[in-house]
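This is what each chain is made of:
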Amino acid sequence: MEYTAVIGLEAHVHLNTRSKAFCGCSTQFGSEPNSQVCPVCLGFPGSLPVLNRTALEYAITVAVALNCRVQEFTKFDRKHYYYPDLPKNYQISQYDLPVALEGFLDIQVDGKVKRIRIRRAHLEEDAGKLIHRQDISLVDFNRAGVPLLEIVSEPDINSPQEAYAYLTFLKSIIEYLGVSDCDMEKGSLRCDANISLIEKGQSGLGTKSELKNMNSFKAVKDALSFEIERQSELLSGGGVITQETRLWDAKGLRTISMRSKEEAKDYRYFPDPDLSPFTISQDTISRIKQSLPELPREKQKRLADQYGLSDYDAELITSSRQLADYFEECLKGYANAKAVFNWLSGPVLSELNSRGVSISGLNISPEQMVELVKFFQEGKITNLVAKDVLGQMIQSGKAAADIIEQNGLAQISDAGSLKKIIDQVLEENTKSVGDYKAGKSNALMFLLGQVMKKSQGKANPKTVADMLKTRLGGS
Amino acid sequence: MQEQKLNSFSAHALLGKLDKKEITPQDIVSSLIERAGQVEQRINAYVRIEEAGGLSLAGASGSGRGESKLKGIPIAIKDNICTEGYNTECCSKILRGFKPPYDATVIKKLKQAGAVILPVKTNMDEFAFGSSTENSCFGPTRNPYDPERVPGGSSGGSAAVTAADEAIWALGSDTGGSIRQPACFCGVVGCKPTYGRVSRYGLIAFASSLDQIGPITKDVQDSALLMNLIAGYDPSDSTSVNIEVPDYTKSLFKDIKGIKIGIPKEYFVEGIDGQVKDIVWQAIGKLKDLGAEYCEVSLPHTQYAVPVYYIIATAEASSNLARFDGVQYGYRHPVQKSFKGQSLIEMYNMTRGRGFGQEAKRRIILGTFVLSHGYYDAYYLRALKVRTLIKQDFDRVFKEYDCIVTPTSPTPAFKIGEKTKDPLKMYLSDIYTISANLAGVPALSLPCGFTKKGLPVGLQIIARHFDEETLMRVAHTYEQNTEWHKIKPKL
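Chains as they are written, first to last, in my numbering: chain A, 1 to 475; chain B, 1 to 491.
Please note that the accuracy of each hint is not assured.
Calculated pairs, DSS-like style, for lysine-lysine (alpha carbon to alpha carbon, straight line, at most 27 Å) [what the hints assert, rightly or not]:
#	chain 1	residue 1	chain 2	residue 2
1	A	Lys-75	A	Lys-265
2	A	Lys-398	A	Lys-387
3	A	Lys-129	B	Lys-99
4	B	Lys-385	A	Lys-75
5	B	Lys-286	B	Lys-453
6	B	Lys-93	B	Lys-361
7	B	Lys-254	B	Lys-69
8	A	Lys-79	B	Lys-361
9	A	Lys-419	A	Lys-462
10	A	Lys-79	B	Lys-385
11	A	Lys-469	A	Lys-440
12	B	Lys-415	B	Lys-486
13	A	Lys-265	B	Lys-361
14	A	Lys-289	A	Lys-75
15	B	Lys-265	B	Lys-286
16	B	Lys-391	A	Lys-75
17	B	Lys-391	B	Lys-277
18	A	Lys-221	A	Lys-200
Since the hints were made in silico from the structure, they are not lab data.
A quick note: this is a predicted structure, and the numbers were derived from the prediction, not measured.
All chains should be modelled from the sequences, with the hints used to inform the complete structure.
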């Protein structure tokens, strides 16, 4: 029997407002435990919440970008459950009148566009964090009250690849909007998934399981793949799926049952009487609509058109708004788009990946970067040296010109200096010289390599190649 | 003739004396301490006196500056209004030892106005759950007019200290009548402001959509004076309303000629005590003599007020009280280190099981039930709809009438223990006061006579949203033309 997976995703996005959703405490990540708390976010008796207008604006911004209908009349509700990291033992959330409804996201998988509908998005407060130490548990409430936007998709996703594409695109849009840093490691983006299987060709929904505890997009993909396997094996064997919540075990690469439907909680939602229902004016919505920044798709198309990049290249450079903006900043100082693109998408991107930082983490201004690109484009240094200089710029924060100057890295093109090196190399590699003369043209590449090595990468490779050919009697 | 002691004066009278430098704030406190020493053993209206080392100014907060509005006049505070650094326990074991790190907005305002906040708080029904102040972990407060009887509740302590001259005035809170009914039982003036008029920040919530803080005073002028100081928009309370606060003391001296009073017929049917009924009608007659016009009106949904209230109020209470779990503050039942996770559940269960009193548990269970999946629509949602109908009843009457006059309570103060076995009977003692909370309108109770046994009877005046001025105007005119407010309990 063949099955189709039916997947819906719930993404929880930390909105990067300066203060918390219902009080004035800072939302700064990584501070001393319980240093960013007040009676309101600690849920002390007598304290009252006041909505952070910026959090609401950010929620509306995301809603508009996801093509949602923004509700004019909305309110907050209380969701009750007992846990020590939840100071009031209820969470301020939105139940039946969420801020946004009925949007969609057009994702691309294998070159095909697919529309994933978004059911709703609502604003809520985050809980604190439990820290377990041997036989005691501690609570850090710094995170309690940080605004979260929960974005719920319709079950329109049919594969782990589509889920991955949806999350990647969602993250990219939110990052472009500048309302969240979407960093899964800091917990500023979290995702749960609902998945069920139906027989291929059928429609509707099977019995679903809810997957939690996935700490990266890859984990989401892996958990879904595991779950598809698990459920189809069960169904093929005549088994029955029980509705339950399952946890992804990243070490064991499997999902584990956490609680069944019978144990499902009754959250006893009801309108929060401390926060009156309110209306969002059409003016506010259209003001936010008009101030939306350029989103990834638009930017991609524009960059392709404007700078003659291929679709693939444009997609690569717009994968992060920071990178795309950086790219355009560089072009202000140096119009050679292809050269800048090749440099950023090659050596720079690989530095970013290996260091696990974004472009701002390199602390190199676009002007400084362009200076470097110009140096090797204009032949002052070789490509090889340029990569080395980049590494030194990142480490020392010095300008490219200084590094080149201080380390004598300028390209050697004058025949006199090169001749000395070449003489030495030919002397030391008589076998290769013989090979070349015997017709093995590969040997020339070896000799060239030796010259480069001896010159510490500074020799102008084109000049060296020409000189070698002349010396050995060109082939 | 023996000179009247300072503790028995109203605040506005003391202001005059302080102005002329005849007395100091310390003189007032001394007379209160002396009085409390005489009567507190019989009344039990202040709590944790011994813990605080006696009723004294030691540790009292507030500037008491001579040039300020209140010039250091002390005020007694109900145990559910947060006072920075001083125990605020809602008379519940579960908040044992809780010292809020902040002042309620009303306390901040009073301190700024130069009031002295008494560090010892007044007794109340646990979390304001009750109409008799019998549900307190510190034992019941007794009625100054008859120590065998209750002072009403839940602000029974605040009403009793004011009536017994152990305080000049006090703050209470009113969710379903908790200021007005004890004011009525104790023969003092109690005002529940319009919902949204006074900040709730720092009031430990019972039912957030109904709660209001208000004054309990010896006369109407003090009520107006205190309202001037505590009313007003507070950005820390999203439900407080940003509209201008008038000077209530100015409305006191307007006469009531031509004022149109509605008398709701539903408030004079079965269940009302015969003497109460007669006394209230006499008061209505007096208002007519003073120039008001009255007419019978109908508030047709009155009969649903009690059930609607007990659904909405308990639903909100069950949620508001969820935070008392032993994790951060207050009482925590010691739990043996046991199996993983189990110790947490055990701590919750034992802390809440031991920390809450009987009535608190009853209301938490009731409120949890009406919010439960499958019951929400039938109870909570329906109650919200009927609440709207009750509001509309008032809106309709207020189109034609300036205010509504009713008895505050169907009976005078009842005996201690009389209703504790029968919660429903107890709930019905709020039958005349609950509707004003559901509708959000302001209401005031003032003394309008005494029964043959010498128990006070209260007259309730209800006005339009944010029209406390009419309450003050009608009440003050009545008061100035009667002698009831001058009568003191014989203790």
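Within a Cα-Cα threshold of 27 Å, do B:Lys-391 and A:Lys-75 meet the stated pairing? OK: B:Lys-391 and A:Lys-75 at ~21 Å, within 27 Å.
B:Lys-254 and B:Lys-69: Cα distance at most 27 Å? Status holds; Cα separation ~23 Å.
For B:Lys-93 and B:Lys-361, compute the direct alpha-carbon distance and say whether it is at most 27 Å. Holds, at roughly 13 Å.
So if I understand the rule, the pair passes when the alpha-carbon distance is 27 Å or less; does B:Lys-286 with B:Lys-453 pass? holds, 22 Å
Restraint check for A:Lys-469 with A:Lys-440, where alpha carbons must lie at most 27 Å apart: holds, 13 Å
Assess, step by step, whether the Cα of A:Lys-75 is no farther than 27 Å from the Cα of A:Lys-265, and give holds or violated. holds, 22 Å
Would you check the hint for A:Lys-129 and B:Lys-99, treating anything up to 27 Å between C-alpha atoms as holding? holds, 25 Å
Just to be careful, I want the Cα atoms of B:Lys-415 and B:Lys-486 compared with a cutoff of 27 Å; is the pair within it? Within the cut-off at roughly 24 Å; holds.
When you check the alpha-carbon spacing of B:Lys-385 and A:Lys-75, does it fall within 27 Å? The hint holds at about 17 Å.
Pair hint outcome, A:Lys-398 versus A:Lys-387 [Cα-Cα no greater than 27 Å]: Roughly 14 Å separates the two Cα atoms, so the pair holds.
For a C-alpha distance cap of 27 Å, please report whether A:Lys-419 and A:Lys-462 respect it. holds, 14 Å
Restraint status (C-alpha distance of A:Lys-265 to B:Lys-361 at most 27 Å): OK: A:Lys-265 and B:Lys-361 at ~21 Å, within 27 Å.
Hint check: no violations occur; every hint is consistent with the structure.
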